[in-house]
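Below are the chains, spelled out letter by letter.
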Amino acid sequence: MKLSQKDVLGMKEMTHDDINLVLDTAESFKEISTRPIKKVPTLRGKTLINFFVEASTRTRTSFEIAGKRLSADTINISATTSSLIKGETLIDTAKTLESMRPDIIVLRHSAAGSPHLLAKLLSASIINAGDGAHEHPTQALLDMLTMKERKGRLEGLKVAIVGDISHSRVARSNIYGLIKMGASVALAGPATMMPRYVERLGVSIHINMEEAIADADVIMMLRIQMERQDESLFPSLREYSHCYGLNGKRIELASKDVIIMHPGPINRGVEIAPEVAYGPYSVILDQVSNGVAVRMALLYLLAGGGEA
Amino acid sequence: MKLSQKDVLGMKEMTHDDINLVLDTAESFKEISTRPIKKVPTLRGKTLINFFVEASTRTRTSFEIAGKRLSADTINISATTSSLIKGETLIDTAKTLESMRPDIIVLRHSAAGSPHLLAKLLSASIINAGDGAHEHPTQALLDMLTMKERKGRLEGLKVAIVGDISHSRVARSNIYGLIKMGASVALAGPATMMPRYVERLGVSIHINMEEAIADADVIMMLRIQMERQDESLFPSLREYSHCYGLNGKRIELASKDVIIMHPGPINRGVEIAPEVAYGPYSVILDQVSNGVAVRMALLYLLAGGGEA
Amino acid sequence: MKLSQKDVLGMKEMTHDDINLVLDTAESFKEISTRPIKKVPTLRGKTLINFFVEASTRTRTSFEIAGKRLSADTINISATTSSLIKGETLIDTAKTLESMRPDIIVLRHSAAGSPHLLAKLLSASIINAGDGAHEHPTQALLDMLTMKERKGRLEGLKVAIVGDISHSRVARSNIYGLIKMGASVALAGPATMMPRYVERLGVSIHINMEEAIADADVIMMLRIQMERQDESLFPSLREYSHCYGLNGKRIELASKDVIIMHPGPINRGVEIAPEVAYGPYSVILDQVSNGVAVRMALLYLLAGGGEA
Numbered sequence: 585m586k587l588s589q590k591d592v593l594g595m596k597e598m599t600h601d602d603i604n605l606v607l608d609t610a611e612s613f614k615e616i617s618t619r620p621i622k623k624v625p626t627l628r629g630k631t632l633i634n635f636f637v638e639a640s641t642r643t644r645t646s647f648e649i650a651g652k653r654l655s656a657d658t659i660n661i662s663a664t665t666s667s668l669i670k671g672e673t674l675i676d677t678a679k680t681l682e683s684m685r686p687d688i689i690v691l692r693h694s695a696a697g698s699p700h701l702l703a704k705l706l707s708a709s710i711i712n713a714g715d716g717a718h719e720h721p722t723q724a725l726l727d728m729l730t731m732k733e734r735k736g737r738l739e740g741l742k743v744a745i746v747g748d749i750s751h752s753r754v755a756r757s758n759i760y761g762l763i764k765m766g767a768s769v770a771l772a773g774p775a776t777m778m779p780r781y782v783e784r785l786g787v788s789i790h791i792n793m794e795e796a797i798a799d800a801d802v803i804m805m806l807r808i809q810m811e812r813q814d815e816s817l818f819p820s821l822r823e824y825s826h827c828y829g830l831n832g833k834r835i836e837l838a839s840k841d842v843i844i845m846h847p848g849p850i851n852r853g854v855e856i857a858p859e860v861a862y863g864p865y866s867v868i869l870d871q872v873s874n875g876v877a878v879r880m881a882l883l884y885l886l887a888g889g890g891e892a
Numbered sequence: 585m586k587l588s589q590k591d592v593l594g595m596k597e598m599t600h601d602d603i604n605l606v607l608d609t610a611e612s613f614k615e616i617s618t619r620p621i622k623k624v625p626t627l628r629g630k631t632l633i634n635f636f637v638e639a640s641t642r643t644r645t646s647f648e649i650a651g652k653r654l655s656a657d658t659i660n661i662s663a664t665t666s667s668l669i670k671g672e673t674l675i676d677t678a679k680t681l682e683s684m685r686p687d688i689i690v691l692r693h694s695a696a697g698s699p700h701l702l703a704k705l706l707s708a709s710i711i712n713a714g715d716g717a718h719e720h721p722t723q724a725l726l727d728m729l730t731m732k733e734r735k736g737r738l739e740g741l742k743v744a745i746v747g748d749i750s751h752s753r754v755a756r757s758n759i760y761g762l763i764k765m766g767a768s769v770a771l772a773g774p775a776t777m778m779p780r781y782v783e784r785l786g787v788s789i790h791i792n793m794e795e796a797i798a799d800a801d802v803i804m805m806l807r808i809q810m811e812r813q814d815e816s817l818f819p820s821l822r823e824y825s826h827c828y829g830l831n832g833k834r835i836e837l838a839s840k841d842v843i844i845m846h847p848g849p850i851n852r853g854v855e856i857a858p859e860v861a862y863g864p865y866s867v868i869l870d871q872v873s874n875g876v877a878v879r880m881a882l883l884y885l886l887a888g889g890g891e892a
Numbered sequence: 585m586k587l588s589q590k591d592v593l594g595m596k597e598m599t600h601d602d603i604n605l606v607l608d609t610a611e612s613f614k615e616i617s618t619r620p621i622k623k624v625p626t627l628r629g630k631t632l633i634n635f636f637v638e639a640s641t642r643t644r645t646s647f648e649i650a651g652k653r654l655s656a657d658t659i660n661i662s663a664t665t666s667s668l669i670k671g672e673t674l675i676d677t678a679k680t681l682e683s684m685r686p687d688i689i690v691l692r693h694s695a696a697g698s699p700h701l702l703a704k705l706l707s708a709s710i711i712n713a714g715d716g717a718h719e720h721p722t723q724a725l726l727d728m729l730t731m732k733e734r735k736g737r738l739e740g741l742k743v744a745i746v747g748d749i750s751h752s753r754v755a756r757s758n759i760y761g762l763i764k765m766g767a768s769v770a771l772a773g774p775a776t777m778m779p780r781y782v783e784r785l786g787v788s789i790h791i792n793m794e795e796a797i798a799d800a801d802v803i804m805m806l807r808i809q810m811e812r813q814d815e816s817l818f819p820s821l822r823e824y825s826h827c828y829g830l831n832g833k834r835i836e837l838a839s840k841d842v843i844i845m846h847p848g849p850i851n852r853g854v855e856i857a858p859e860v861a862y863g864p865y866s867v868i869l870d871q872v873s874n875g876v877a878v879r880m881a882l883l884y885l886l887a888g889g890g891e892a
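Residue numbers (the working numbering), protein chains in the order written: chain Z, 585 to 892; chain D, 585 to 892; chain W, 585 to 892.
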């Protein structure tokens, strides 16, 4: 089994069949992480480079654990220690890395489109681990795996995504993926945080959060980027929390067996109340576990699938 | 063989029998690091996360080498690249890490008590690699291993600990451990560096260094935290060195076969003269070797002992 | 097979026979990195410490990949997280590291001579990965491997090295190595960038770049250290580029089958035009691939050669 493409650049590019293949493969890989010996030799002798030009603990750690549980040689490169600080272009660095013959390069970069650029220039597989405010496909895949596990299906699911949609690569990737898989998506957030023309993607748009989450099967809360607060996209954190924070009362509007998701890290008491984040509807920690499984699946399908 | 507790939080919590078990296991693991092939498959498929919110090369490296020599998958997370800088709480980060199913999380953190907090919330084993000025149990265990090797016993040993006792997690952990194992402990340091009520732990207290080290079997010098110097706990480094620095002359006061210890990194010529640090009585480098052995023992007893 | 010395400190110290042994061994290791399973068990249970007190992505990554493809346990230590920032001396840190029983320590350090100091004090093998403006022997070895592959020989080759010779450890190491292997070396650069008495090493010196590269078999361009620009070693980047930049027109002066080398990272459009860097004469990416092979060879010859 192989993906139809060399790279995982975004949910926009990924086909319906490829998404199903990843989710099914991930499901079968989940079991490995529950064994006493959490390791298989599948990718022995393969080289995985985690190239993080933008910092991220959880995503990097998830990829590193995924690689090591598959026995791949796993190399971390972070921007602060990178020669990028010497002014080298991303292209030059990537060509240099490729000359060391990695099988897969996982790239996180603040510039949208950078993984696509590398994918064209290199023969190694590129996995986009987040490119600016553009896409974060492995997050969407782990989110969809979590929904499918809990709900048994993606088709026909009603998913509400709440928060700063326009700056969220998580939202964008989920929108592409969910629409492709037949779910319906309702977006909620202040008008200043809603991208233009997003309705063309087949989603509904709501300024009123209550509207979006009514009867939802899934509520996905987005992280407020505290560091962007000076842009004044909303009057105050308190105001934001009042209008778009998820609390126990708002959950009652949703489907009785709604699941609550958040890509993390959470801002306790801002976009989500602590008792909700770890309450009975929350699947936030499942998302993290599924992150390792989805990444194992992708590494396997890109670097090892052809030989198994 | 297993420890009686899931975690290694401090010498205060560790039982006499557990201490003996760790020291005996460490003794048998020392040999592995002297083989041409310094690796055993004992922890293959186990995941160890070194989560260092406070920087430390030697402790992190020691744990990383210990993990790799036991074939564990070893992941490093440091604070500077951590999502903690995004304002996430330690608890949220820890729950996220646990969802990736590590077997052991080694935590260094500037806040006293943080490993205890995680130990309660997580099912993974937590090893305290230093929490603020509170405890540093693996350092005390390697110190005790070194004493036991050199002296054949801990019971009845006369140990002097000299320096900034009140800010030293190394001192605190050694006091708890040594008293528990039947050694007698004499503390020396300026009154400004002596914690209140410390005599209740069963130690003797001395402003005069000569008094404390008289006939000592072991002299343990503590590192002066140069970065805390502006607190004016003593008039000057020169003054400190004059009153509490260990030099060849002072060593003559101790037992003829005294051993000199220091947790490192040393301030040459401040708390210890260079010729003493690497002189015939010094066991400073043995401490480092024993650090790897003690950490291998702990990893084995926490993650692998039940299956062997 | 073993090297005649415990350490790899510089090309000045390396014998003609040792250079041949490294190049031949590297040639045989190249094939491993082209296999589907890029890994051999040769150094299983050996410990390699990459101790980088000066940042470097490409050299560190190259050593890390080399170590992992040989199955060595590979530990990275970088200066920013190192206890060196606590004021410990390099010697104390190195002795501490040695007490953890590594087989090889790879050192990059801004102080010339630091690897030589460690080599005297430690029994582990030291590999110099760049010491100040002094030497960078693994770079010279990978350069020589690349020349030998392309030209079939080193003896009698005409090599031009162009740029800031006096600050370049790459230049220095190549000069020592190439002269030893019977190549002839022509240096070109502004007078302010030419070390004194360098002609005593048996090289020719040219202010005029055209003179140096005439009929050259190899042109090695050095990186201009943009960060040193305020030293005013030349009037402007544009002026430098005009006099010493390599472009298509200048290449015509060289031998018809000249190869173009650069240690990277390149300053596009300063010392080398982009179309030259990735043009038909360029072997820059071969240098990177050969870097992994040369480092695998060195690790093997230092830590594993005696047992094979």
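Source of the hints: derived by calculation from the structure; they are not laboratory data. It is possible that some hints are incorrect.
[Unchecked claim] No farther apart than 20 Å at their CA atoms in a straight line, the calculated lysine-lysine pairs in the PhoX-like style are these:
#1 Lys679/Z with Lys704/Z
#2 Lys742/D with Lys623/Z
#3 Lys840/W with Lys732/W
#4 Lys679/Z with Lys840/W
#5 Lys614/Z with Lys840/D
#6 Lys679/D with Lys704/D
#7 Lys840/D with Lys735/D
#8 Lys840/W with Lys614/D
#9 Lys704/Z with Lys732/Z
#10 Lys614/Z with Lys704/Z
#11 Lys704/D with Lys735/D
#12 Lys732/W with Lys623/D
#13 Lys732/D with Lys704/D
#14 Lys623/Z with Lys614/W
#15 Lys586/Z with Lys614/Z
#16 Lys586/D with Lys679/D
[Unchecked claim] From the structure, some residues in chain D lie toward chain Z, with a derived Cβ separation under 10 Å:
#17 Arg628
#18 Asp676
#19 Thr677
#20 Pro686
#21 Ser694
#22 Ile789
#23 Asn792
#24 Glu795
#25 Ser816
#26 Leu817
#27 Ser820
#28 Glu823
#29 Ser825
#30 His826
#31 Arg852
Note that beta-carbon positions come from the ideal geometry of N, C-alpha and C, so glycine has one too.
Self-check item: Pair hint outcome, Lys840/D versus Lys735/D [Cα-Cα no greater than 20 Å]
Solution: Holds: Lys840/D and Lys735/D sit about 12 Å apart, inside 20 Å.
Quiz item: Would the stated hint for Ser825/D survive a check requiring a Cβ distance to chain Z of less than 10 Å?
Solution: Violated: closest Cβ of chain Z sits about 37 Å from Ser825/D, beyond 10 Å.
Quiz item: Is the hinted pair Lys614/Z and Lys704/Z satisfied, with a Cα-Cα distance of at most 20 Å?
Solution: Between Lys614/Z and Lys704/Z the Cα gap is close to 32 Å, so the pair fails against 20 Å, i.e. violated.
Quiz item: Once the shortest beta carbon distance from Leu817/D to chain Z is found, is it less than 10 Å?
Solution: With a closest approach of 34 Å, the Leu817/D hint is violated.
Quiz item: Does the alpha-carbon distance linking Lys732/D and Lys704/D stay inside the 20 Å limit?
Solution: violated (32 Å)
Quiz item: Is the straight-line distance between the alpha-carbon of Lys586/D and that of Lys679/D 20 Å or less?
Solution: Given that 20 Å is the threshold and the Cα spacing comes to 25 Å, the pair is violated.
Quiz item: Going straight from one Cα to the other, do Lys840/W and Lys614/D come out at no more than 20 Å?
Solution: violated (61 Å)
Quiz item: Given the proposed pairing of Lys614/Z with Lys840/D, does the C-alpha separation stay at or below 20 Å?
Solution: Not OK: Lys614/Z and Lys840/D at ~61 Å, beyond 20 Å, violated.
Quiz prompt | Per-residue hint verdict: Ser694/D, partner chain Z, C-beta under 10 Å | solution = Violated: closest Cβ of chain Z sits about 17 Å from Ser694/D, beyond 10 Å.
Practice problem: For the hint on His826/D, just tell me whether its beta-carbon gets within less than 10 Å of chain Z. | Solution: violated (42 Å)
Exercise. With chain Z as the partner, please determine if Asn792/D meets the hint condition of a C-beta pair closer than 10 Å.
Key: Violated, about 48 Å.
Quiz item: Taking 20 Å as the top limit, are the C-alpha atoms of Lys623/Z and Lys614/W close enough?
Solution: violated (28 Å)
Hints 2, 4, 5, 8, 9, 10, 11, 12, 13, 14, 16, 21, 22, 23, 24, 25, 26, 27, 28, 29, 30, 31 from the earlier list are contradicted by this structure; the remaining hints agree with it.
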